[in-house]
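All chains should be modelled from the sequences, with the hints used to inform the complete structure.
As they're listed, the protein sequences go chains E, F, D, Z, B and Y. Numbering of the first sequence is given in the numbering used here, commencing with residue 1 and proceeding in unit increments. Numbering of the second sequence is given in the numbering used here, commencing with residue 1 and proceeding in unit increments. Numbering of the third sequence is given in the numbering used here, commencing with residue 1 and proceeding in unit increments. Numbering of the fourth sequence is given in the numbering used here, commencing with residue 1 and proceeding in unit increments. Numbering of the fifth sequence is given in the numbering used here, commencing with residue 1 and proceeding in unit increments. Numbering of the sixth sequence is given in the numbering used here, commencing with residue 1 and proceeding in unit increments.
Hints are computed from structural coordinates only; laboratory data are not their basis. All C-beta atoms in this analysis are idealised placements derived from N, C-alpha and C, irrespective of residue type, glycine included. One should not assume that every hint holds.
To be verified - Dumping the calculated PhoX-like pairs for lysine-lysine here, alpha-carbon to alpha-carbon at most 25 Å:
id: 1; chain 1: E; residue 1: Lys108; chain 2: Z; residue 2: Lys108
id: 2; chain 1: D; residue 1: Lys108; chain 2: Y; residue 2: Lys108
id: 3; chain 1: B; residue 1: Lys80; chain 2: D; residue 2: Lys108
id: 4; chain 1: E; residue 1: Lys108; chain 2: F; residue 2: Lys97
id: 5; chain 1: F; residue 1: Lys108; chain 2: Z; residue 2: Lys17
id: 6; chain 1: B; residue 1: Lys108; chain 2: Y; residue 2: Lys108
What the hints assert, rightly or not - These stretches of chain D come out as covered by chain B in the derived footprint (C-beta under 8 Å, 3 or more residues):
id: 7; stretch: 2-12
id: 8; stretch: 15-26
id: 9; stretch: 106-118
Here is what each chain is made of, one letter per residue.
Number of protein chains: 6
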Amino acid sequence: MFSLTVSSHVFIAHSLKGEIFGPAGRLHGATLLMEAEFSREELDENGIVIDVGEASLILRDVGQTMNYQNLDELEVFKGKQTSLEYLAYHIHGDFRKRLAGRFRGMLKITLRESPQAWAGYAAPIDE
Amino acid sequence: MFSLTVSSHVFIAHSLKGEIFGPAGRLHGATLLMEAEFSREELDENGIVIDVGEASLILRDVGQTMNYQNLDELEVFKGKQTSLEYLAYHIHGDFRKRLAGRFRGMLKITLRESPQAWAGYAAPIDE
Amino acid sequence: MFSLTVSSHVFIAHSLKGEIFGPAGRLHGATLLMEAEFSREELDENGIVIDVGEASLILRDVGQTMNYQNLDELEVFKGKQTSLEYLAYHIHGDFRKRLAGRFRGMLKITLRESPQAWAGYAAPIDE
Amino acid sequence: MFSLTVSSHVFIAHSLKGEIFGPAGRLHGATLLMEAEFSREELDENGIVIDVGEASLILRDVGQTMNYQNLDELEVFKGKQTSLEYLAYHIHGDFRKRLAGRFRGMLKITLRESPQAWAGYAAPIDE
Amino acid sequence: MFSLTVSSHVFIAHSLKGEIFGPAGRLHGATLLMEAEFSREELDENGIVIDVGEASLILRDVGQTMNYQNLDELEVFKGKQTSLEYLAYHIHGDFRKRLAGRFRGMLKITLRESPQAWAGYAAPIDE
Amino acid sequence: MFSLTVSSHVFIAHSLKGEIFGPAGRLHGATLLMEAEFSREELDENGIVIDVGEASLILRDVGQTMNYQNLDELEVFKGKQTSLEYLAYHIHGDFRKRLAGRFRGMLKITLRESPQAWAGYAAPIDE
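If you want it as structure tokens, here you go:
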């Protein structure tokens with residue numbers, strides 16, 4: 001299995017809903033270090049999993065939809081819990097749309113909010 | 001598959017038994033960066049894999065049993081080889097006990113002793 | 001010259017005022033990795049610059065005044081530009097109050113908002 | 001599943017062939033941070049996955065074949081695309097030869113060319 | 001003293017001249033993590049040392065003159081030893097030209113070629 | 001001012017003497033990431049501050065005197081408080097002896113015991 005990972009980061013504000021989150025229920029923010037790992041069984045005709053430049057561009061485009069934003073006010077997150085896990089899943093969905101017809105394999109999104117906590121979502125992109 | 005990881009660290013002393021370990025057979029020590037990665041197929045009712053606060057607390061509690069200790073003198077490690085791999089397995093067992101009835105899924109423990117060497121143990125928590 | 005540094009982190013939301021900040025003028029957030037470096041010419045009677053435990057506690061206490069907060073709504077930052085540089089200066093001031101009579105020497109505060117940008121403020125604590 | 005990882009680095013020059021690589025088609029270079037992760041179901045008679053010292057030595061030996069080299073001029077890479085993915089596969093092959101009869105399990109090679117891009121190749125070593 | 005640092009990276013090939021460099025005398029390459037630290041006594045009218053966006057842009061522009069290049073073939077390095085130290089000095093000179101009239105204070109350039117070796121050059125920008 | 005830094009690490013056991021250290025008064029251990037930063041005003045005839053290879057060798061030799069050791073049992077630390085600060089000072093002294101006649105300038109030793117605490121000692125080497 002071959003893999004290729006690119007990373008970038010975004011600055012976001014948000015709040016979490018539910019008693020268990022304590023102070024994280026208040027409006028606060030985080031730097032999210034984003035990683036997108038692409039995996040597939042065989043290399044393509046250029047000898048790669050996916051072009052680093054293309055993968056980085058998609059990551060930045062996807063990130064731009066939330067960079068320097070208050071997620072609590074974005075239409076796309078209305079009624080959603082913007083936990084790290086859910087945000088990874090949401091970003092995975094954005095990638096899926098942009099990758100349609102250009103990549104088949106596994107995609108794992110990882111979001112690091114601090115050196116002490118991070119989350120991920122992994123699922124195949126197979127259309 | 002969703003995942004959530006928390007990390008912390010402990011300071012321990014120990015020695016390894018066996019000729020192949022050379023100078024590591026002497027009493028020495030290490031800072032162990034500990035990571036606990038929880039994975040499951042679905043998010044819970046709060047939209048998360050496990051509460052970061054709860055996971056961090058368990059990690060710290062488990063770490064306290066060996067923090068600032070000489071493992072060679074702890075009853076629980078008598079007759080055991082306290083390699084990084086075994087310590088990861090041991091910590092996994094401690095987590096299993098504390099997570100009983102609170103988490104079902106995969107748990108991976110990673111211990112980093114330096115930027116150049118680390119070890120892990122992964123197994124499902126399914127009771 | 002001896003030095004001792006401790007680090008921690010906080011999650012904050014804020015916005016910057018001024019055209020040059022572009023999208024950072026919107027309410028967003030960041031994880032701030034905080035470092036406090038204490039320097040002095042001689043070690044104390046315990047053979048240290050300052051106790052790691054005490055320094056870490058002050059750092060956490062100081063951080064708590066902004067952790068999980070929207071800085072735009074805190075009284076203490078009213079009319080202030082909460083740039084990384086200013087926040088480092090503000091934290092330095094908080095340290096100065098708490099260290100009164102307990103430490104003489106240089107104190108440098110560093111705040112890292114991403115792997116690609118960080119800021120600091122250094123000045124002597126000499127009362 | 002137990003795992004043990006060792007890391008090191010090499011300095012290489014190379015160029016990539018194909019229009020999609022843009023400026024990376026020119027002769028340039030990179031520091032490659034190399035990681036070799038060994039995984040197996042059971043620990044050996046010493047209570048480990050593989051000896052850290054032995055694993056580090058193999059990693060350094062394998063790295064020496066390309067350290068301080070222009071890969072475009074090495075016989076072994078003639079006609080090959082020396083992408084990170086391919087280099088990880090190539091290094092995996094070198095490990096396989098050296099591990100014959102000494103390790104059975106999964107081996108994953110990861111190569112990091114910057115904090116923002118890395119690649120890997122994973123396959124079982126089962127002879 | 002206030003400071004603001006931005007970072008980026010470039011991929012370069014080069015060789016060093018002189019017996020003491022051993023294998024580094026061969027054409028090889030490196031990823032150079034570049035940091036530019038700006039320091040000054042007072043914040044400007046925007047409450048900052050220098051705009052992060054402007055500083056990052058200069059860093060990238062300066063980096064572009066050597067990114068994906070073989071330094072041995074660039075006119076600007078003819079007859080020069082492209083050690084990390086000299087490259088830091090060279091980059092400092094490029095910054096000095098671009099900052100003329102826009103920044104007065106100390107500038108430190110740091111170049112990291114691996115987790116185990118880095119170099120820097122610091123001097124005032126005071127025209 | 002030019003600078004060149006090399007890094008490495010050692011595994012040590014020790015205990016600290018004094019009530020303020022709490023649990024660190026017990027025999028425990030740490031991985032110490034060691035950095036040696038050499039600074040001088042001018043580059044030498046090879047266009048460098050000091051040879052990376054030579055500097056790394058000295059760092060490893062100096063580290064070997066404490067690697068895989070219980071510092072409480074080493075003659076050289078009898079009656080000494082082996083705090084990070086003191087160890088940095090001690091290592092600085094070892095460097096001074098080995099550098100006699102080979103380097104004039106500033107030397108800073110940094111020891112990192114965890115991502116959350118590190119210490120240093122800096123003084124000129126001018127014999």
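**Message:** Tell me the hint numbers this structure goes against, listed in increasing order.
**Reply:** Checked against the structure, the hints that fail are numbers 3, 4, 5, 7, while the rest are satisfied.
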